[in-house]
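Asker: Chains A and B, in that order, are what the protein sequence lines are. FYI, the numbering for the first sequence is 1 to 199, going by our numbering. FYI, the numbering for the second sequence is 1 to 225, going by our numbering.
In short, the hints are calculated from the structure, not lab data. All the pointers check out, no bait thrown in.
Cβ-Cβ distance ranges computed for the label pairs, FRET-style: (1) B:32 <-> A:109: 15 to 23 Å; (2) B:134 <-> A:109: 29 to 37 Å; (3) B:32 <-> A:78: 25 to 33 Å; (4) A:85 <-> B:175: 49 to 57 Å; (5) A:174 <-> B:134: 54 to 62 Å.
Ideal Cβ placement from N, Cα and C applies to all residues, glycine included.
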Amino acid sequence: MHQMALRWRQTRPEPPLLRRAADDPAAFDELYDELAQRVLLFFTRRVFDGQLALDLTGETFATAFQRRRSFRGTTAEEQEGWVFAIARSQLSHYWRRGRVERAALQRLGVEVPAMGDAELERVEELAGTAQLRTRVAHELSRLPADQREAVQAHVVDERPYSELADEWGVSEQTIRARVSRGLRRLGATLDEPVTERVH
Amino acid sequence: MSRDPSDLLPSLRELGDRLGDAAAREIATEQDTPPRRRRRRWHPYVFGGIVATLVAAGGVTATDLFTGSGDPVPEERSSPSQPGVLTDSAAQDPAGGLPWAVRVFVDERGRECLQLGRLRDGALGTVISGQYRRYQGRPNGPCGDLGETPLIAAVEQRSQPTARSVVFGLSRVQGPVTIRIGDSVRRVRPGALGAYVAVYAGMVDLTGATITAGKRTFAIGGSGR
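Okay, chain A solo, but in the shape it has when bound (with noise of 0.2 Å):
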């Protein structure tokens, strides 16, 4: 009788690309293949800037090489959320300073690339800003009339709290409640994914 012979080969996943870039440059090279133009687009809804975008995504992922030893994670999905968690942070970052934190790229020798003009256009067509901007403003208009006042005021007009406060006659931590909440409801619309039909 003939018989075949059955044998399992065991295979194990590769572990994800940031653990191997711990000492392979050619893992992170992949890495940022794989994540860089969605980091970008991430930053892209969020700043309504192109080139700024840029200078985010290159210290997003100066920072991740520079952390890449304390990733723990086994998962590609893991990896992906420990660098927008990175990302998610260079924002809150650029937030609260009104500038970008370059402390990464300058540590690598790193300078961000400017973006031309054809560039600019495509990063916001592919983020769909001009939608967005439209669904903002759409939204911001449906806020409640003290949160719209509050973030037009400070977020858009740049007034700070102590000003407001005086003017409007309440006290700033009710102001930057009002701005906090306007925030929290605008921040839901972008993150809805915006979607281009191709003809």
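Use these hints to put chain B onto chain A, whose structure you have.
Answerer: Then chain B, alone, in the frame of chain A:
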């Protein structure tokens, strides 16, 4: 006609190159070894105009590729970890070694995209310093819309480590694709799903080059006629 992401990629890619170089330097310093980084990226934007006008609709961009030789040609026909690899598109490298092939995937905009690479065990990858590395993560590569054009074509050229020019794409026209570059005329029969790949040694001069599918000819540097 839709614009292609290649419009935005130069700065992003340049940033990636700079970061990658810096990472290689850092790692080499940590390991007390000389940097082993190579110019890993194609420079598709030298040929950006060519590539962008090569197709009638749905522009294309280029992906990272490496040439190399010396590895055995695989027998496997599929890879569960890399869906979309079209092994019947495989083309031999002029120096032998691993053949070139494409992987088809659909981008977030619903367009057909192609990743070009060296085929081994039914999966695509690159050859770096004589070592094969399977592509990891999401595929990337040129995209086009076969709903708008009968042919998607891309040209990638790399000067090192071994100069190669690779013409590849997708055709939904019955019959072979004819590639004319200078005095060279190649008829390439696409695979079952329309993918084709042609590999040339060196950095060929693409001036006047054309690709013909059925009755339509697409000129490099010009539009279809």
